[in-house]
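*Asks:* Chains A and B, in that order, give the protein sequences.
Heads up: the first sequence runs through residues 104 to 425, numbered per the numbering used here.
Heads up: the second sequence runs through residues -9 to 90, numbered per the numbering used here.
Derived from the structure by calculation, the hints contain no laboratory data.
C-beta: ideal position from N, C-alpha, C; glycine also.
Check before you lean on any hint, since a few could be wrong.
Unchecked claim - Far from chain A by the CB rule (all over 12 Å, computed), these chain B residues:
| id | residue |
| --- | --- |
| 1 | Leu(-1) |
| 2 | His28 |
| 3 | Gly33 |
| 4 | Thr84 |
| 5 | Thr88 |
Claimed, not checked - Each pair of labels, with its calculated beta carbon distance range:
| id | chain 1 | residue 1 | chain 2 | residue 2 | range |
| --- | --- | --- | --- | --- | --- |
| 6 | B | His28 | A | Asp353 | 26 to 34 Å |
| 7 | A | Gly374 | B | Gly42 | 28 to 36 Å |
| 8 | B | Ser22 | A | Asp172 | 43 to 51 Å |
| 9 | B | Asn65 | A | Arg135 | 49 to 57 Å |
| 10 | B | His28 | A | Pro419 | 57 to 65 Å |
| 11 | A | Glu237 | B | Glu31 | 41 to 49 Å |
| 12 | B | Glu78 | A | Arg371 | 24 to 32 Å |
| 13 | B | Asp5 | A | Pro276 | 36 to 44 Å |
| 14 | A | Ser278 | B | Arg17 | 20 to 28 Å |
| 15 | A | Arg119 | B | Arg17 | 48 to 56 Å |
What the hints assert, rightly or not - If we take Cβ atoms under 8 Å as the criterion, some of the chain A residues that face chain B in the derived model are:
| id | residue |
| --- | --- |
| 16 | Arg239 |
| 17 | Ser278 |
| 18 | Gln280 |
| 19 | Arg282 |
| 20 | Pro284 |
| 21 | Gly290 |
| 22 | Ile293 |
| 23 | Leu334 |
| 24 | Trp339 |
| 25 | Lys381 |
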Amino acid sequence: MPAEFKDYYQILGVSRDATAADIKKAFRKLARVHHPDVAKDKASAEAKFKELNEANEVLSDPEKRRKYDQLGANWDQPHHGQPAYQQGPMPGASNEFNFGGTGFSDFFEQYFSGASRYGFPEDAFAPGRGAPRERRGSDIEGDILVTLEEVMHGAVRPISLQMSNARTGKVEPQSFQVRIPPGVTDGKRIRVPGQGEPGSGKAAAGDLYLRVRHAAHPDFHTEGHDLYYDLDLAPWEAVLGAELTVPTLDGAIKLRIPAGSENGHQLRVRGRGLPKGKSGGRGDYHATITIHSPSETNAEERELWEKLRSVSNFNPRKAPSA
Amino acid sequence: MIPSPENDLPLYDPDQHDTYTLDIVARITGISTQTIIHYQEHGLVHPVGKSGEFDDDAVHTLRRIEHLRQTCEANLSGLRLILGLMDEVERLKTSLRTGR
C-alpha cells in the first residue's frame, strides 16, 4: 500500500540524536504556534497540528522511535519493516486493512498504529478443511486521534476503511462518519457496529472499535476526565503567593496561588476539566506547580538575593524542627 | 446508523453510556446467554453497576474471549491470565503515554 514517508525529525525541527527533553520542548513550542485555536488559517493549522502530534507520538515513545530509526531511508523496500496490522496483539488471517480519517497519516497507519483484528480462527480458510461454516466477521480495532477541543465539544469525524479480502482478493472500501461523544476519555473504545470484516455466507459483519487517543496539547494533559496544566512560577510568586490568570480549555480563569507553595503542589479547581457525558458534570482542573529560578541576574537583583541569603534562616537541607 | 445531516455518508452516533441486556449482548456477540453467564460467574466479564446490564467494554471483552478460545484454545484459567495481562499492558501503555 503506497504511503508517503514522513520525516518526523524534520517535522519537529530536531536532530536525529535529540533527547526526549529536546523532543518534548520542540513539540510544545511548535504546537503553540500551530494550535488551531491561535493560528489564523485554522484548516492548515489543524493539519499541521495533527502532523506535529503524529511526529511526537512516534519520537516520544522509545519503542516507536527505535522502530522508526530502523526503518530509515529503506522504509519502502520489500519486507523492510513489518506493517503494524501484522504486528497487532492478536494477529489473525491475512486480510489487510487501511484506515483513513483517524488523524494519522497512511505512513503512521502502516507502521505504527495499534490496529489489529480478531475474530476468525487463523485456519478458518485453510485448504483441506472443507467449506468454512458461516461465521461472524472479525472485529477490527484502530486508534483515532482526538484533540482536547473535540473532547470538550464533541465532533463528527469522517472515517474510511479499506479491506482487501483474502478470499476474493477484492479491496472493499467503506466510508462513514462517527460522532465523537463529548468527554470521551483516552483509551476508550468507540464501537461502530457492523463496520468490521464482512461475515462469511450470511453471517453478520464484525464490529469496528476506534480506540480514542487524546492528541498531545502544548499546555494540558489528561487523566480520565481531569485536566492537568503545568504552572511555572517564579520563586517569589511561590513564597509570597499570587493571583495569576491561567488557561483552561474553555477560557482563562484567575487562580490564587497560596503563599508558601512548593514544587509539585497541585491546585485543584473543581468542575473545569473535561465533560462527563450525559451527567452534565465535569472533571477537575489541576495546576501543577514548577518553581523556576532565574538563570541570569542583574546587579540589583543579585544584591537583593544576597540580602535575602544573609537575613533568611531557611535551609532546604535541614529537617524542619518538630 | 442514522443519515448524516452534513453529507451522504452514514453517521454512527454511539452512546458511550448505553448498556445492553443479556439477550441483546448474546445477539451482538453471537455468544449464547448461558456461556455469557458462565463467563460472568468466573469473573471474566462484569455487568455495569447493579442493573445486570453490559456495556460496550463488556461486548469487546466477550469478543476477545471468543477469539482467544478459538485461536489459542484457551481454557478459563488461561483466559483469565491472558485478559488480565492484556488489560495490564494496555493500562501501562496508557500511563506511559499520558505521563510523558
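*Asks:* Quick check for students: does the CB of threonine 84 of chain B sit more than 12 Å from each CB in chain A?
*Replies:* 5 Å, violated
*Asks:* Does the nearest C-beta of chain B fall within a distance shorter than 8 Å of the C-beta of glutamine 280 of chain A?
*Replies:* Cβ of glutamine 280 of chain A sits 5 Å from chain B, so the hint holds.
*Asks:* Any CB of chain B closer than 8 Å to the CB of glycine 290 of chain A?
*Replies:* Holds, because the Cβ-Cβ distance from glycine 290 of chain A to chain B comes to roughly 5 Å (cut-off 8 Å).
*Asks:* Does glycine 33 of chain B really sit off the interface, with its C-beta more than 12 Å from all C-beta atoms of chain A?
*Replies:* For glycine 33 of chain B, whose nearest Cβ neighbour in chain A is about 21 Å away, the distance exceeds 12 Å, so it holds.
*Asks:* Taking 43 to 51 Å as the hint, is the beta-carbon distance of serine 22 of chain B and aspartate 172 of chain A inside that range?
*Replies:* The hint (43 to 51 Å, Cβ to Cβ) holds, given that serine 22 of chain B and aspartate 172 of chain A are roughly 49 Å apart.
*Asks:* May I ask you to test the hint 41 to 49 Å on the CB atoms belonging to glutamate 237 of chain A and glutamate 31 of chain B?
*Replies:* 29 Å, violated
*Asks:* Have a go at the isoleucine 293 of chain A hint: is there a Cβ in chain B nearer than 8 Å to its own Cβ?
*Replies:* Status holds, d = 5 Å.
*Asks:* Just double-check leucine -1 of chain B for me: nearest Cβ-Cβ distance to chain A has to come out over 12 Å.
*Replies:* The claim breaks: leucine -1 of chain B does not keep its Cβ more than 12 Å from every Cβ of chain A (closest is about 5 Å).
*Asks:* Per the CB criterion, is arginine 282 of chain A less than 8 Å away from chain B?
*Replies:* It holds, given that the least Cβ distance between arginine 282 of chain A and chain B is near 4 Å, below 8 Å.
*Asks:* Can serine 278 of chain A be said to touch chain B, with a Cβ gap under 8 Å?
*Replies:* 6 Å, holds
*Asks:* Could one say that the CB atoms of histidine 28 of chain B and aspartate 353 of chain A fall in the range 26 to 34 Å?
*Replies:* Violated, at about 47 Å.
*Asks:* Would you say the C-beta atoms of histidine 28 of chain B and proline 419 of chain A sit inside 57 to 65 Å of each other?
*Replies:* 60 Å, holds
Taken one by one, the earlier hints fail for this structure at numbers 1, 4, 5, 6, 11, 13, 23 and 24, listed in ascending order.
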